[in-house]
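Asks: Chains as they are written, first to last, in the working numbering: chain X, 189 to 635; chain B, 4 to 584.
Bear in mind the hints are in silico, worked out from the structure with no lab data behind them.
One or more hints might be untrue.
Unchecked claim - Here are some, though not all, of the chain B residues that point toward chain X, as calculated from beta-carbon distances under 8 Å: (1) ASP70; (2) PHE72; (3) LEU254; (4) MET265; (5) THR341; (6) PHE428; (7) THR522.
Since the structure is predicted, the reported quantities are computational estimates derived from the model, not experimental observations.
Heads up, the beta-carbon is just placed ideally off N, CA and C, and yes, glycines get one too.
This is what each chain is made of:
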Amino acid sequence: MRLIRTTRRRLLAGSAALGLTPVLARAQALEPRVVIVTSFSREVTTPFVQGFEKAHPGTKVEVQNRNTAAAVAFIRETRSNPPDLFWASAPDAFEVLKADKLLAKPQIDLAGIPERIGGRPTNDPDGRYFGFAVSGYGIMYNTRYLRANRLPEPKEWADLTKPIYAGHVGISAPSRSGTTHLTIETILQGEGWEKGWAQLLEMAGNFAQVSDRSFGVPDAVNSGQYGLGVVIDFFGLAAKASGFPVEFVYPTVTTLVPANIGMIEGARNPNAARAFIQFLLSPEGQEVLLDPKVMRLPVRRETYAKAPQGFPNPFENPSLGARVAFDTDLSEGRYELLNSLFDRMITFRLKELTDAWKAVRAAEAQLARRDNAEGRRLLAEARAKLTRVPITEAQASDKDIAGAFRATRPDRPATGRQAQFEEEWDRFALASFTEARRLAEAAAKAS
Amino acid sequence: MSATTLETATARPWRARLRTGATASQVIAALLVAAFLLAFLVVPVGRVFAAAFMDGTSGPTLVHFGDFFRTSLFIESFWNSLYVAAMSVVVASLIAVPLAVILTRYRFPGTALIATLGVLPLVMPPFVGAVAMQLIFGRNGSINLLLMDWFDVRIEVMDGLTGVIFVQSLHYFPFILMNLSASLSNIDISMEEAGQNLGARGPTLLRTIVLPLAMPGYLAGASLVFVKVFDDLATPLLLNVTNMLAPQAYLRVTSVGLADPMGYVISVILVAVSVATMAGAALLLRGRDYATQQRGGGGLGKRALSPAGRALAWAFVVPVLLLVLAPHFGILLLSLATVWSYSPLPDGFTLAHYDTVLRESPQFITNTLLFCGIAGGIDVVLGVTISWLVLRTKLPGRRLLDVTAMSALAVPGLVLGIGILRTYFDVHLPDGTSLATSWIMLTIVLAVRRLPYALRAASAALAQVHRSLEEAAENLGAGRMLTLVRIVVPLMAGGLAAAFVTSFATAAVELSATLVLVTRDVDAPLSYGIYVFMQSAAGRGPGAALGVIAVVVVAVCTWLANRLAERERMRRARAPAEGGR
Numbered sequence: 189m190r191l192i193r194t195t196r197r198r199l200l201a202g203s204a205a206l207g208l209t210p211v212l213a214r215a216q217a218l219e220p221r222v223v224i225v226t227s228f229s230r231e232v233t234t235p236f237v238q239g240f241e242k243a244h245p246g247t248k249v250e251v252q253n254r255n256t257a258a259a260v261a262f263i264r265e266t267r268s269n270p271p272d273l274f275w276a277s278a279p280d281a282f283e284v285l286k287a288d289k290l291l292a293k294p295q296i297d298l299a300g301i302p303e304r305i306g307g308r309p310t311n312d313p314d315g316r317y318f319g320f321a322v323s324g325y326g327i328m329y330n331t332r333y334l335r336a337n338r339l340p341e342p343k344e345w346a347d348l349t350k351p352i353y354a355g356h357v358g359i360s361a362p363s364r365s366g367t368t369h370l371t372i373e374t375i376l377q378g379e380g381w382e383k384g385w386a387q388l389l390e391m392a393g394n395f396a397q398v399s400d401r402s403f404g405v406p407d408a409v410n411s412g413q414y415g416l417g418v419v420i421d422f423f424g425l426a427a428k429a430s431g432f433p434v435e436f437v438y439p440t441v442t443t444l445v446p447a448n449i450g451m452i453e454g455a456r457n458p459n460a461a462r463a464f465i466q467f468l469l470s471p472e473g474q475e476v477l478l479d480p481k482v483m484r485l486p487v488r489r490e491t492y493a494k495a496p497q498g499f500p501n502p503f504e505n506p507s508l509g510a511r512v513a514f515d516t517d518l519s520e521g522r523y524e525l526l527n528s529l530f531d532r533m534i535t536f537r538l539k540e541l542t543d544a545w546k547a548v549r550a551a552e553a554q555l556a557r558r559d560n561a562e563g564r565r566l567l568a569e570a571r572a573k574l575t576r577v578p579i580t581e582a583q584a585s586d587k588d589i590a591g592a593f594r595a596t597r598p599d600r601p602a603t604g605r606q607a608q609f610e611e612e613w614d615r616f617a618l619a620s621f622t623e624a625r626r627l628a629e630a631a632a633k634a635s
Numbered sequence: 004m005s006a007t008t009l010e011t012a013t014a015r016p017w018r019a020r021l022r023t024g025a026t027a028s029q030v031i032a033a034l035l036v037a038a039f040l041l042a043f044l045v046v047p048v049g050r051v052f053a054a055a056f057m058d059g060t061s062g063p064t065l066v067h068f069g070d071f072f073r074t075s076l077f078i079e080s081f082w083n084s085l086y087v088a089a090m091s092v093v094v095a096s097l098i099a100v101p102l103a104v105i106l107t108r109y110r111f112p113g114t115a116l117i118a119t120l121g122v123l124p125l126v127m128p129p130f131v132g133a134v135a136m137q138l139i140f141g142r143n144g145s146i147n148l149l150l151m152d153w154f155d156v157r158i159e160v161m162d163g164l165t166g167v168i169f170v171q172s173l174h175y176f177p178f179i180l181m182n183l184s185a186s187l188s189n190i191d192i193s194m195e196e197a198g199q200n201l202g203a204r205g206p207t208l209l210r211t212i213v214l215p216l217a218m219p220g221y222l223a224g225a226s227l228v229f230v231k232v233f234d235d236l237a238t239p240l241l242l243n244v245t246n247m248l249a250p251q252a253y254l255r256v257t258s259v260g261l262a263d264p265m266g267y268v269i270s271v272i273l274v275a276v277s278v279a280t281m282a283g284a285a286l287l288l289r290g291r292d293y294a295t296q297q298r299g300g301g302g303l304g305k306r307a308l309s310p311a312g313r314a315l316a317w318a319f320v321v322p323v324l325l326l327v328l329a330p331h332f333g334i335l336l337l338s339l340a341t342v343w344s345y346s347p348l349p350d351g352f353t354l355a356h357y358d359t360v361l362r363e364s365p366q367f368i369t370n371t372l373l374f375c376g377i378a379g380g381i382d383v384v385l386g387v388t389i390s391w392l393v394l395r396t397k398l399p400g401r402r403l404l405d406v407t408a409m410s411a412l413a414v415p416g417l418v419l420g421i422g423i424l425r426t427y428f429d430v431h432l433p434d435g436t437s438l439a440t441s442w443i444m445l446t447i448v449l450a451v452r453r454l455p456y457a458l459r460a461a462s463a464a465l466a467q468v469h470r471s472l473e474e475a476a477e478n479l480g481a482g483r484m485l486t487l488v489r490i491v492v493p494l495m496a497g498g499l500a501a502a503f504v505t506s507f508a509t510a511a512v513e514l515s516a517t518l519v520l521v522t523r524d525v526d527a528p529l530s531y532g533i534y535v536f537m538q539s540a541a542g543r544g545p546g547a548a549l550g551v552i553a554v555v556v557v558a559v560c561t562w563l564a565n566r567l568a569e570r571e572r573m574r575r576a577r578a579p580a581e582g583g584r
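My request is simple: use the sequences and hints to build the entire structure.
Replies: In structure tokens:
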């Protein structure tokens, strides 16, 4: 069995080396099945699978749904007999697999697909994974909820810091959702480390929840548990297309990130896997993205001609995603650290943080009625305490600090102890928030 | 629990007989059980744990434990988890104890209703259950929307630790209800009659005779609730409460990465607390004998309720059942709803979701019945064997078997799933597929994860069968095996049905290990299908429809198992003794 497989792979490699044209390679019969591991929901995968099976009647597609973390773990553990394709949003998951040498380098015809969309490369420069759609991050809101609670419609991230939205906003933790991580990173890169954190922490003062799964946020907005959520565009667009009373907006500071597909090293059905990737990137495959249940931005320019009215188009609207020139290396270097910092400052201390902001806003309202200098001074101090993080931008990229948050591997020994930093940050958060609350209450009394 | 009969036995003359030591069949049974646990629990989990406890370069280390106790967030999480688990036991007892007493002691027209509906909360599938609870009780759920409309108030019952206690008690009280009512109905009527002859009646009788005799069942249930709540991560996560121990472990393992040591440190602490709880429950029972010799009275006498008593009973049962069934009602509505958003009731109703589910994926249902049925069967066999080894033999290391099996309760599904993948992925079945991702392994993993439930129920049932009944059989010439099969197991029928039902029903909604091991839609159970559907806005309806189907399937099976057990008990019972009351 093993022998036969190896021989066939050699033959394939040989034919590629001989420079046979892709047409000839495609003429080689596809395997009867192809196995895909994906984090995408059924609604997204089914139309593609149906389209592919129609185009290649001899091949059955087997889809395995797992969340991204479980999928990566699964692919790592199944080296000896891996699935054929990994299909998911978060580019960082592909980077992890690539670093572990788990992604193959298939020959894919990329004609007609731009190298960059919205400032970011569409495909992996090393040719190990391919963007088949792009997505931006923004704000999704429930229109019924806003009307019932008399809330204005938000436009920008900064809108979410307004006191009127207190207790109405939801987000998923960046450590739990690759998409939120990119949103946070984008805000930090777009606004700068200090201003970005100040904005995030003030926004967090309005958070009703920090959910542990990406879909938790659109789900809560759909059902009206809270009114607004920070989400990736297709959650909002697809919910709207399914009839929920929701809307979605892109703030100016956003970035477009490709959703990707890659072939696993040692795939048992390499021809069918390649054909599937090629199908996703083909004009027919791209059109499936406009299906109301899928709703993602295609990577082929011509597909937008068929999009419904008002569909966001990064080719026509250059401001979409362009304001932030996303620095991948910067993001990569502080990836784990940023997740941990967000969790220490916001996720695990949400109650203390929102209580402190409540006190600050109560004091602001007091001061607006009866102004006094002492009150304003105390309040400014409270605000300062609530809008800072324990480390500077330089420290966050410092190899010794950020390195401590990396998973240790034989080739990457630990440089410090994560637990120590986390304990320091937790104490910092708790002390700052408690103190800020005390200051704000004093300010309210002073006026 | 386990030690009861043996400890008391020390004083008795037949102890001498036991000293003759282990028979071959005992040794073989113990070895088989040990091999099973070793292969599918200890080795896989050990592989994951060990990999994580190594300090990269310098070998094993304890520094991570030090870090745990130095981290204030973990310490806080630890106390939060203890508090939530203890409070959940209290609240669950408040619900379950009266229900169990009404169920077993009185002729109450609604007993069948309580018996069946009382199990339903356990089979609330993950995701759907939480979604439904939010839709009903959430901060903008139906109840709060109505309350705000009418009275302008809001009940924040789904918030923070209180929310976790609320949901957990509603979810897990059946553990106490089932085990306690099994215990109660196993108490022989002669005990009660003896009490009555001595002048006790009413509440005194209940307090001094009945409830103390039912202690093994109550403690079995209560300790399960405690451990389950302590280790549960789905509920806190879905309510977005992260400062508890199990969610911390899960978040560490899944976001920091599998190589992160802290997640495993927490897992070890979870396992330790669970084992300590079980040991504590055993300690409470130590030195007492709960077995009753007489069999056949058909259990406790059932008495009529006075009109006032009946009114009181209804006044308790109806609101409790409404509360307990609210989430079920919620998913039923959701499965029939077109769009349900920020309103007390859905905008419109449709049957389309059921159509989608039945057309696209009927195999989820048959798979669940098959996998979980087999898993439940394995659990009953293993549970009876282990409890028999622990309570009736003096094999060295038997207590270790019990502890090992119980520790499955505290092993996060994710860890077990990854361990199984790591250990068995390279073992291939004849058709070339991997053993680790085949349905056979999924069934075994479900059995391992739910074994503790079956084991506790079996132990409680066996603790109430008096040794002398077996001795009688043995005196009549029956071998140990024959005695076990013909005398002990039939006498435990009620408890075994409880064991099977708990294993089966909870296996049917298992998700975390399933998610790691399932590779193909065609081999996937219901819980996986629900998870997959619930990941998108358009899938909420079909997901809920699948949830409703899951609840119905499990409820029907539970009812059948109960009926079988009841019939068996009636068949073995002496001619209806209640006639005279």
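Asks: Which numbered hints does this structure break?
Replies: 2
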